[in-house]
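One line per chain: the protein sequences are X and A, in this order. When the letters of the first sequence are read in order and numbered with our numbering, they come out as residues 382 to 886. When the letters of the second sequence are read in order and numbered with our numbering, they come out as residues 382 to 886.
No lab work stands behind these hints: they were computed from the structure. Remember, predicted model here, so these are calculated numbers, not experimental data. All C-beta atoms in this analysis are idealised placements derived from N, C-alpha and C, irrespective of residue type, glycine included. Be a bit skeptical, because a hint or two may be false.
As the list claims (entries may be wrong) - Using 20 angstroms as the maximum straight-line C-alpha spacing, the simulated SDA-like pairs for lysine to any residue come out as follows:
{"no.": "1", "chain 1": "A", "residue 1": "Lys540", "chain 2": "A", "residue 2": "Asp432"}
{"no.": "2", "chain 1": "X", "residue 1": "Lys425", "chain 2": "A", "residue 2": "Ala482"}
{"no.": "3", "chain 1": "A", "residue 1": "Lys741", "chain 2": "X", "residue 2": "Asp609"}
{"no.": "4", "chain 1": "X", "residue 1": "Lys478", "chain 2": "A", "residue 2": "Arg454"}
{"no.": "5", "chain 1": "A", "residue 1": "Lys425", "chain 2": "X", "residue 2": "Ala481"}
{"no.": "6", "chain 1": "X", "residue 1": "Lys741", "chain 2": "A", "residue 2": "Val610"}
{"no.": "7", "chain 1": "X", "residue 1": "Lys478", "chain 2": "A", "residue 2": "Gly819"}
{"no.": "8", "chain 1": "X", "residue 1": "Lys424", "chain 2": "A", "residue 2": "Val610"}
What the hints assert, rightly or not - One-sided excerpt, in silico: chain X residues whose CB lies under 8 angstroms from chain A:
{"no.": "9", "residue": "Gly485"}
{"no.": "10", "residue": "Glu584"}
{"no.": "11", "residue": "Arg816"}
{"no.": "12", "residue": "Val817"}
Protein chains: 2
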Amino acid sequence: MNAALIEAVDPEVRRAWAAAEHPRWRDPASRADALERVSLALKKESSAILDQASRETGLTRDELTPELARMVRALRLFADLVREGSWVRAAIDGPCKDPAAAIGPNHDLRRMLVPLGRVVGVFGASNFPLAYGVCGGDTASAWAAGCAVVVKEHPAHPKTGSLIVTIARGAFEEAGLPRDLLGYVRDDETAGFHVARALVSHELVCAIGFTGSRGSGLAIETIARERDVPIPVFAEMSSTNPVFITRGAIEARGPEIGRMIVSSVLARYGQQCTCPGLIFPEIGVDHEPLLGEIRRGIAAQPARRMLSTRVREGYAKQASTVGSFVPEVELLAMGGEGAGSDEAPALAYLTDWDSVRSVKFLSDEMFGPGMVIAPIDFAHPSAIEDVLATIGNHLTASLFHVEQDLDRAHIRGLCERLAGIAGRVIFNGVPTGVRVAGAMVHGGPFPATNRPESTAAGPLAIERWCRPVCWQNCPDVLLPPELRDGNPRGIVRVLNGVREAAGGA
Amino acid sequence: MNAALIEAVDPEVRRAWAAAEHPRWRDPASRADALERVSLALKKESSAILDQASRETGLTRDELTPELARMVRALRLFADLVREGSWVRAAIDGPCKDPAAAIGPNHDLRRMLVPLGRVVGVFGASNFPLAYGVCGGDTASAWAAGCAVVVKEHPAHPKTGSLIVTIARGAFEEAGLPRDLLGYVRDDETAGFHVARALVSHELVCAIGFTGSRGSGLAIETIARERDVPIPVFAEMSSTNPVFITRGAIEARGPEIGRMIVSSVLARYGQQCTCPGLIFPEIGVDHEPLLGEIRRGIAAQPARRMLSTRVREGYAKQASTVGSFVPEVELLAMGGEGAGSDEAPALAYLTDWDSVRSVKFLSDEMFGPGMVIAPIDFAHPSAIEDVLATIGNHLTASLFHVEQDLDRAHIRGLCERLAGIAGRVIFNGVPTGVRVAGAMVHGGPFPATNRPESTAAGPLAIERWCRPVCWQNCPDVLLPPELRDGNPRGIVRVLNGVREAAGGA
Numbered sequence: 382m383n384a385a386l387i388e389a390v391d392p393e394v395r396r397a398w399a400a401a402e403h404p405r406w407r408d409p410a411s412r413a414d415a416l417e418r419v420s421l422a423l424k425k426e427s428s429a430i431l432d433q434a435s436r437e438t439g440l441t442r443d444e445l446t447p448e449l450a451r452m453v454r455a456l457r458l459f460a461d462l463v464r465e466g467s468w469v470r471a472a473i474d475g476p477c478k479d480p481a482a483a484i485g486p487n488h489d490l491r492r493m494l495v496p497l498g499r500v501v502g503v504f505g506a507s508n509f510p511l512a513y514g515v516c517g518g519d520t521a522s523a524w525a526a527g528c529a530v531v532v533k534e535h536p537a538h539p540k541t542g543s544l545i546v547t548i549a550r551g552a553f554e555e556a557g558l559p560r561d562l563l564g565y566v567r568d569d570e571t572a573g574f575h576v577a578r579a580l581v582s583h584e585l586v587c588a589i590g591f592t593g594s595r596g597s598g599l600a601i602e603t604i605a606r607e608r609d610v611p612i613p614v615f616a617e618m619s620s621t622n623p624v625f626i627t628r629g630a631i632e633a634r635g636p637e638i639g640r641m642i643v644s645s646v647l648a649r650y651g652q653q654c655t656c657p658g659l660i661f662p663e664i665g666v667d668h669e670p671l672l673g674e675i676r677r678g679i680a681a682q683p684a685r686r687m688l689s690t691r692v693r694e695g696y697a698k699q700a701s702t703v704g705s706f707v708p709e710v711e712l713l714a715m716g717g718e719g720a721g722s723d724e725a726p727a728l729a730y731l732t733d734w735d736s737v738r739s740v741k742f743l744s745d746e747m748f749g750p751g752m753v754i755a756p757i758d759f760a761h762p763s764a765i766e767d768v769l770a771t772i773g774n775h776l777t778a779s780l781f782h783v784e785q786d787l788d789r790a791h792i793r794g795l796c797e798r799l800a801g802i803a804g805r806v807i808f809n810g811v812p813t814g815v816r817v818a819g820a821m822v823h824g825g826p827f828p829a830t831n832r833p834e835s836t837a838a839g840p841l842a843i844e845r846w847c848r849p850v851c852w853q854n855c856p857d858v859l860l861p862p863e864l865r866d867g868n869p870r871g872i873v874r875v876l877n878g879v880r881e882a883a884g885g886a
Numbered sequence: 382m383n384a385a386l387i388e389a390v391d392p393e394v395r396r397a398w399a400a401a402e403h404p405r406w407r408d409p410a411s412r413a414d415a416l417e418r419v420s421l422a423l424k425k426e427s428s429a430i431l432d433q434a435s436r437e438t439g440l441t442r443d444e445l446t447p448e449l450a451r452m453v454r455a456l457r458l459f460a461d462l463v464r465e466g467s468w469v470r471a472a473i474d475g476p477c478k479d480p481a482a483a484i485g486p487n488h489d490l491r492r493m494l495v496p497l498g499r500v501v502g503v504f505g506a507s508n509f510p511l512a513y514g515v516c517g518g519d520t521a522s523a524w525a526a527g528c529a530v531v532v533k534e535h536p537a538h539p540k541t542g543s544l545i546v547t548i549a550r551g552a553f554e555e556a557g558l559p560r561d562l563l564g565y566v567r568d569d570e571t572a573g574f575h576v577a578r579a580l581v582s583h584e585l586v587c588a589i590g591f592t593g594s595r596g597s598g599l600a601i602e603t604i605a606r607e608r609d610v611p612i613p614v615f616a617e618m619s620s621t622n623p624v625f626i627t628r629g630a631i632e633a634r635g636p637e638i639g640r641m642i643v644s645s646v647l648a649r650y651g652q653q654c655t656c657p658g659l660i661f662p663e664i665g666v667d668h669e670p671l672l673g674e675i676r677r678g679i680a681a682q683p684a685r686r687m688l689s690t691r692v693r694e695g696y697a698k699q700a701s702t703v704g705s706f707v708p709e710v711e712l713l714a715m716g717g718e719g720a721g722s723d724e725a726p727a728l729a730y731l732t733d734w735d736s737v738r739s740v741k742f743l744s745d746e747m748f749g750p751g752m753v754i755a756p757i758d759f760a761h762p763s764a765i766e767d768v769l770a771t772i773g774n775h776l777t778a779s780l781f782h783v784e785q786d787l788d789r790a791h792i793r794g795l796c797e798r799l800a801g802i803a804g805r806v807i808f809n810g811v812p813t814g815v816r817v818a819g820a821m822v823h824g825g826p827f828p829a830t831n832r833p834e835s836t837a838a839g840p841l842a843i844e845r846w847c848r849p850v851c852w853q854n855c856p857d858v859l860l861p862p863e864l865r866d867g868n869p870r871g872i873v874r875v876l877n878g879v880r881e882a883a884g885g886a
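Chain X extracted, bound-state conformation (with noise of 0.2 angstroms):
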């Protein structure tokens, strides 16, 4: 075991909670401009970035280059929510006029979100090298909060990580601020449960941001709840994403549908939490304009490297136990097999609504360029109960439908039923692709993630790191400057319910 690894957790936190009340970085406008010049710095480095990512991942350049933007905008995206200052949620009830007006007390009482504490560990993620690398979603958001960030590296990637820590540090080091802001740690093989351990237990470490396997982010849970003062976990796991299809969309536009949706099982080999690995075409129609797309686009698909040797066992043996153990499936296309031991061929596999209610592992996450279609009765009464109950929750789910659908009863079920099982639905689109802005949630209800109600991109993810506290009769020279009289920060705050206008003093 590599003791050495593991008693570089400590230091690294130590470093980062100092770091963390630095003036500057407490202070929101030069957090902000010091988030801002990491993001710029990333950007200037883009090309030694994307070479290094696409060496260790097997990733094209292409398909790390909106990876990449996607990075260097999410922490610009949140320098801005930090210099606009409303995601602090201040509200303010000065005392009623009329004290019998008041419920309970008439204090005057000001609230607003303060970071849960000074350093948030991250986890990094296999599949996402920069958008959940280093400096991704989870650290940016922290950041954003007025946390430092210890991030534990995925060992898969460890140049690409190495290369963004010293970009960002410097970026800090220009800005005037500590580079232990950002603090890194590894594992490998030996040692991976014992940092991981060592950092989730660590006293001064306030909340942990994973995205991975179920069973690593559960185990990670386990090690949070366990301590003295348990610290909460974000945990983005497993999705399987299901797609419904009605007959109408079969007709209308199959090939393009069955195109589309092979587009989004291959992009990045369909190691991304949003792959759709649970097609469900609606029967009374034709399926083969569907599934001849399926079987072309599958087919053609030559083998390739995948994200990690433990990656690509990890596909081999979820799609030996569909194809092996469920009682009505058929191997509809085999991509390329290759020959490299990280290679892997895509694959789809056909089965039917029988299996998928009895046979509760072929729901189960296929972490690859792999799916399983099952044609299914919209229209019959349990149909969809039954499916629904037994693929259980997800990231996302999606629907692709005509006009006329639209005053089908079903249909119209069918989509609210959706909403219950995922934090995003899709109409007439695959879910790969994150848009990430203001509406997005990137969450879901178990196991897509063990707290449905956050998100990890987009603005909101900043709450994940924060907790409210509430000032009761304070001197306004003790208050932090976003409740003070006057606003002296200018921001957005709710005052006697009211939504006050921007501006201030």
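Since the structure of chain X is provided, determine the placement of chain A on it from the hints.
Chain A only, in chain X's frame:
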């Protein structure tokens, strides 16, 4: 073991599950009307409720009257919140005119909060039979979110609970809604844990609200985590609510502060989650004006009946531990000892800084009319840090100060540190007495609660029972009305990052 009590849980949950689907309950306007009807019905029966609650709890009508008002008015507050509608945090990001301006694919995204599920389980508190009872804040906020509620009655006041259930169900029926929107189950000495487990582990229950002891709260959380699909538990557990008093404040108004503290500790005979149990006067000043009033006030207090034998036993045990095992502790004052088996004396202990630092259990909650006083050196470089590290986290932290203290750096530092250990920081006042308003935070870091991001009082309490869902490129007719074009519900929304005026179509 009373099996009937355990078996009663499942049908009660199933009926609530069905009731939550009622179209008039899913409609915000009629749900708000129903909440208002429940509020009015409870108000109308105030006198009967107060009589019954006073008989069962030993609390006086004077003590229960503001609590009843709080229950009645909190229901109305949530009715208003549901009617106003902005609590769903609706946000719409239309496609950017310049697609390159979108971070990721240029989709139309629309987000709002939806209920976590259909049935919330609520564990009624022993100490607030009304405000944290059958129709207390947890129930009211879960109803407001659109859930049905099944309450597990606290065995200390079943008749009060039954009366409230009858009134609330009657109000639902008058509103044309199912009475089963309020489910009601009980336990007893033999069945307690099993009833709790039946409710918390029920597959149709989506979340739990709990107010009570740390042991019970953590046991319930463990059950919730061991489910196939874990659910959140919002547990308000234990808090000792430290009060710091500067020497300036003692000099200026020591006796007055002493009386305020005595009055706060004796209100409801100390059986409040916000009861101030740890008093830290600053050294370097004569404490007698403060301590004299505390001594007199406590000594003059006749013994009172406590909420239950169990509560009295817990109080006596912690008091005896403090009195017997703390090296430097002195019984400053004791009230009347009483005679009944449920009676206990008010207590004030005096100790020193070293004891607080070295005896961890000194800062454990002594649930009842007891306090521990320990003068400390506010200006000592590590005294405050040591004390805060020892006493842990709380619902509230209070500071009595004078104007001149605002120039003392260590007092300013103390204020800032207090926001780090509590959900509410109080100035020149006592922690008892919660104003229910938008800016209130009734919560705090562990072990005060297990969910520091939440509040159990005020409108934000509704968010405990919700999660966000995003609809991507959804046809207008399939969207929830809150997110449709033209804003048919007329609620405040965020449109492309800018707040939209209410009013709508």
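Cross-check of the supplied hints:
1. A/Lys540 with A/Asp432: Status holds; Cα separation ~11 angstroms.
2. X/Lys425 with A/Ala482: Holds, at about 19 angstroms.
3. A/Lys741 with X/Asp609: Given that 20 angstroms is the threshold and the Cα spacing comes to 13 angstroms, the pair holds.
4. X/Lys478 with A/Arg454: 18 angstroms, holds
5. A/Lys425 with X/Ala481: Holds - the C-alpha atoms of X/Ala481 and A/Lys425 are around 19 angstroms apart, at most 20 angstroms.
6. X/Lys741 with A/Val610: 15 angstroms, holds
7. X/Lys478 with A/Gly819: 16 angstroms, holds
8. X/Lys424 with A/Val610: 41 angstroms, violated
9. Gly485: 4 angstroms, holds
10. Glu584: 10 angstroms, violated
11. Arg816: Hint on X/Arg816: holds, closest Cβ of chain A at ~4 angstroms, below 8 angstroms.
12. Val817: 4 angstroms, holds
This entry does not satisfy hints 8 and 10, going by the numbered hints stated previously.
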